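Chemist: So you can see what is in the structure, the chains are spelled out below.
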Amino acid sequence: MSDPRIAIIEKRFQKVRRVIAVSSGKGGVGKSMIATALALSLKDRGHSVGLLDLDFTSPATHVILGVEGLYPEEEYGIVPPMAHGLRYMSITHYSVDEPTPLRGEDVSNAIIELLAITRWGELDCLVVDMPPGIGDATLDTIRLIPSIEFIVATTPSRVAFQSVRRLLVLLKDLRVPIIGVCENMVMNPGGYVREEVERLGLEYLASVAYDEEVEEALGDPEALRKTRFYKELDEVSRRL
Amino acid sequence: MSDPRIAIIEKRFQKVRRVIAVSSGKGGVGKSMIATALALSLKDRGHSVGLLDLDFTSPATHVILGVEGLYPEEEYGIVPPMAHGLRYMSITHYSVDEPTPLRGEDVSNAIIELLAITRWGELDCLVVDMPPGIGDATLDTIRLIPSIEFIVATTPSRVAFQSVRRLLVLLKDLRVPIIGVCENMVMNPGGYVREEVERLGLEYLASVAYDEEVEEALGDPEALRKTRFYKELDEVSRRL
Amino acid sequence: MHEWALVEGVIATAARFAEENGITEVTEVVVVVGELQQVEHEVLEFAFENLKTPLFKNARFVLESQPARFKCRNCGNEWGFTSEGMTEDVSEAIHFVPEMAHVYIKCSECGSPDFEVAEGRGVWLATIKGVKGDE
Amino acid sequence: MHEWALVEGVIATAARFAEENGITEVTEVVVVVGELQQVEHEVLEFAFENLKTPLFKNARFVLESQPARFKCRNCGNEWGFTSEGMTEDVSEAIHFVPEMAHVYIKCSECGSPDFEVAEGRGVWLATIKGVKGDE
Ligand SMILES: Nc1ncnc2c1ncn2[C@@H]1O[C@H](COP(=O)(O)OP(=O)(O)O)[C@@H](O)[C@H]1O
Ligand SMILES: Nc1ncnc2c1ncn2[C@@H]1O[C@H](COP(=O)(O)OP(=O)(O)O)[C@@H](O)[C@H]1O
Ligand SMILES: [Mg+2]
Ligand SMILES: [Mg+2]
Ligand SMILES: [Mg+2]
Ligand SMILES: [Mg+2]
Ligand code: NI
Ligand code: NI
Ligand SMILES: [Zn+2]
Ligand SMILES: [Zn+2]
Chain A
1 MSDPRIAIIE KRFQKVRRVI AVSSGKGGVG KSMIATALAL SLKDRGHSVG LLDLDFTSPA
61 THVILGVEGL YPEEEYGIVP PMAHGLRYMS ITHYSVDEPT PLRGEDVSNA IIELLAITRW
121 GELDCLVVDM PPGIGDATLD TIRLIPSIEF IVATTPSRVA FQSVRRLLVL LKDLRVPIIG
181 VCENMVMNPG GYVREEVERL GLEYLASVAY DEEVEEALGD PEALRKTRFY KELDEVSRRL
Chain B
241 MSDPRIAIIE KRFQKVRRVI AVSSGKGGVG KSMIATALAL SLKDRGHSVG LLDLDFTSPA
301 THVILGVEGL YPEEEYGIVP PMAHGLRYMS ITHYSVDEPT PLRGEDVSNA IIELLAITRW
361 GELDCLVVDM PPGIGDATLD TIRLIPSIEF IVATTPSRVA FQSVRRLLVL LKDLRVPIIG
421 VCENMVMNPG GYVREEVERL GLEYLASVAY DEEVEEALGD PEALRKTRFY KELDEVSRRL
Chain C
481 MHEWALVEGV IATAARFAEE NGITEVTEVV VVVGELQQVE HEVLEFAFEN LKTPLFKNAR
541 FVLESQPARF KCRNCGNEWG FTSEGMTEDV SEAIHFVPEM AHVYIKCSEC GSPDFEVAEG
601 RGVWLATIKG VKGDE
Chain D
616 MHEWALVEGV IATAARFAEE NGITEVTEVV VVVGELQQVE HEVLEFAFEN LKTPLFKNAR
676 FVLESQPARF KCRNCGNEWG FTSEGMTEDV SEAIHFVPEM AHVYIKCSEC GSPDFEVAEG
736 RGVWLATIKG VKGDE
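Residue numbers (the numbering used here), protein chains in the order written: chain A, 1 to 240; chain B, 241 to 480; chain C, 481 to 615; chain D, 616 to 750.
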């Protein structure tokens with residue numbers, strides 16, 4: 001007759017005040033870096049924050065946070081472990097570092113399962129790190145997570161923005177709230193992205209510089225907090 | 241009873257001597273740039289070459305090639321149009337610049353359709369530009385395209401290589417031929433990627449420098465041919 | 481004319497099935513033709529006549545139409561296909577790659593492109609009948 | 616204990632169905648339990664007893680097991696599930712997210728992780744019976 005998991009998802013988000021998905025039409029634009037930095041800086045600002053990594057085939061937040069061997073507790077569902085002060089859920093809790101060859105249908109099923117059984121408790125904000133593109137994960141989060149909002153990441157490259165424009169058009173068509181667009185890894189400020197974003201009637205959130213120190217800070221949130229990158233994201237989170 | 245498209249795919253590749261997929265566990269590492277440059281340089285070397293863009297949600301090769309308004313001919317199947325001397329197939333022939341919100345099942349179906357109806361004719365090499373990750377497209381090309389070989393792209397970043405390692409392990413487990421790994425956008429040569437690749441018993445094909453001129457050359461193969469990037473890829477294609 | 485490519489697939493698949501089951505003469509091939517792909521039945525028939533191998537010499541080639549049914553994953557709405565109001569480009573795109581429906585068709589209730597093509601997507605080999613070698 | 620979360624889903628779904636169909640008393644809820652997820656039937660039953668709302672006061676809670684069946688997309692091989700030789704970690708991972716099967720289980724013929732879980736994935740609400748308000 002029917003999938004019993006769908007009906008319970010709304011309840012799981014009852015005490016989560018905001019859900020912000022960091023998404024992009026394109027891969028490698030910094031979604032995971034931005035999602036992690038936003039989550040950490042919202043937490044530093046005194047909020048209770050969760051981080052959900054939905055990029056099952058190339059999860060990255062666990063590398064950025066430098067966590068390993070975390071495991072959710074089973075208690076009337078599953079309760080995500082804490083990682084650097086964040087309620088943190090990732091498929092890597094279960095897959096460790098093995099390849100996860102999942103078809104779209106499997107991705108969809110795994111997302112529904114996680115959304116149905118994960119008990120976030122009370123959160124001011126849940127940040128969701130999305131996979132690239134417009135596939136099962138994007139369509140399911142839009143369909144299933146009540147009042148989800150999007151931050152869309154891009155680089156200054158025309159190749160990246162072409163894909164990002166497609167995602168923005170889709171989100172607009174579907175009337176999904178878009179907080180704004182974050183341009184990342186900017187080397188020469190003053191490109192055309194701001195113009196294009198504003199032409200779509202959307203907010204241009206920030207021009208985040210390319211920052212060599214980001215690579216060094218992988219796996220170490222303390223080091224990350226000291227980077228220019230983090231400070232620029234902190235400014236974005238302040239205005240959220 | 242059954243899908244009549246599967247049985248005909250092998251025949252479509254009968255006169256295609258090599259099929260090389262450019263893939264990566266990660267997005268934004270330069271798969272599309274590398275695939276396009278390899279295809280062009282193989283062609284410049286006198287080979288007959290095709291280029292197939294299978295990244296349906298963020299197609300990029302049409303932007304890199306600077307082509308628009310191309311349309312396949314219908315003739316006992318479909319015959320891909322020529323683009324700068326390449327037999328060129330992309331979903332953008334049909335979707336133009338509209339968003340393509342496809343679930344995995346749809347991606348799989350569309351790939352099977354394209355493989356079944358596209359008549360490549362005689363080719364020395366077909367280069368396939370893959371979407372990131374290990375999903376329907378990767379699993380279907382492995383399953384359906386006879387004797388496909390992989391070139392795997394990565395950047396020097398540890399975040400990227402973590403995902404790439406997962407793909408390499410999977411391809412090795414499945415005994416899919418791996419030509420080698422191409423490290424792209426290298427700023428400080430001499431990182432750990434070569435070591436990791438060789439530890440997996442695989443060939444480290446090239447360290448391709450980060451090249452500012454690549455962005456300028458988008459949409460203009462003549463300009464692309466003059467970049468350092470192209471020359472480095474040309475060296476890879478020479479050894480193929 | 482890409483109908484020829486599809487019929488090549490039908491013949492290859494039916495031939496493979498016949499071989500695996502010891503069928504030496506095929507007497508009937510039933511193909512379900514989904515409405516979404518808008519293939520021409522006459523062209524399919526013409527292609528079959530021209531492409532058939534001796535195995536199919538006396539085979540009836542039966543085409544059955546299946547209306548396309550969409551089911552919205554967002555709101556549950558079900559609806560059918562109409563090419564009315566579609567430009568020729570769009571109609572052609574769906575003809576070649578039926579998944580282009582998700583680019584050009586939206587749920588008639590909620591506007592979502594996230595629907596399932598529950599029925600009538602494309603060409604499908606339904607049944608084949610034949611005579612076994614030892615019969 | 617994440618069985619509780621699944622039972623919460625069963626009850627919410629059944630309650631919604633009852634409401635939509637004017638059912639004021641549910642007499643039976645049949646849940647199919649796929650083998651792959653390895654949920655404890657006793658825990659499901661216990662959770663149902665504790666979570667049920669007055670609507671389910673007199674409802675029978677029926678659990679039906681469904682063996683897991685895998686079908687390889689690469690070679691067509693079909694096979695079943697066994698937790699034999701699996702470490703507890705792996706078994707737990709599949710318990711929480713059955714799709715982890717694609718990480719830890721390979722086709723028993725060709726070694727591919729590209730298989731379909733044709734049957735027996737997880738918890739499924741099969742049927743509910745009840746009494747309508749106006750009966
Ligand atoms: N502002 C930045 N400066 C320098 N490197 C960055 C910056 N943002 C991201 N990166 C690097 O770019 C790569 C892609 O980032 P990631 O967050 O994994 O992207 P995505 O999640 O979109 O695939 C990573 O190697 C990351 O460390
Ligand atoms: N060697 C390079 N130097 C500078 N920019 C590059 C280089 N390789 C790729 N790029 C740029 O990086 C971005 C991602 O490249 P792309 O080929 O689209 O990656 P993918 O196909 O893996 O998503 C594009 O903006 C592209 O122009
Ligand atoms: Mg990421
Ligand atoms: Mg391991
Ligand atoms: Mg690409
Ligand atoms: Mg348009
Ligand atoms: Ni046609
Ligand atoms: Ni449990
Ligand atoms: Zn709808
Ligand atoms: Zn197999």
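Hints are computed from structural coordinates only; laboratory data are not their basis. No experiment lies behind these values; they were computed from the predicted model shown. Treat the hints with care, since some could be wrong.
As the list claims (entries may be wrong) - When the alpha-carbon atoms are kept at most 20 Å apart in a straight line, the in silico EDC-like pairs for lysine to aspartate or glutamate are as follows:
hint, chain 1, residue 1, chain 2, residue 2
1, A, K172, C, E558
2, C, K612, C, E596
3, C, K609, B, E338
Stated by the list, open to error - Here are some chain C residues pointing at chain B (derived, C-beta under 8 Å):
hint, residue
4, F541
5, V542
6, L543
7, A573
8, V577
9, E579
10, M580
11, H582
12, I585
13, W604
Ideal Cβ positions, reconstructed from N, Cα and C, are used throughout, including at glycine.
Chemist: A separate judgement is required for each hint: does it hold in the structure or not?
Modeler: Comparing the hints with the structure gives:
1. A:K172 to C:E558: Violated - the C-alpha atoms of C:E558 and A:K172 are around 23 Å apart, more than 20 Å.
2. C:K612 to C:E596: 39 Å, violated
3. C:K609 to B:E338: Judged against 20 Å, a Cα distance of about 44 Å means the pair is violated.
4. F541: 13 Å, violated
5. V542: With Cβ-Cβ at 13 Å, over 8 Å, it is violated.
6. L543: At about 13 Å, which exceeds the 8 Å cut-off, the nearest Cβ of chain B leaves the hint on C:L543 violated.
7. A573: 4 Å, holds
8. V577: 5 Å, holds
9. E579: 4 Å, holds
10. M580: 5 Å, holds
11. H582: 6 Å, holds
12. I585: 11 Å, violated
13. W604: At 7 Å from the nearest chain B Cβ, C:W604 passes the 8 Å test, so the hint holds.
The earlier numbered hints that this structure contradicts are 1, 2, 3, 4, 5, 6 and 12.
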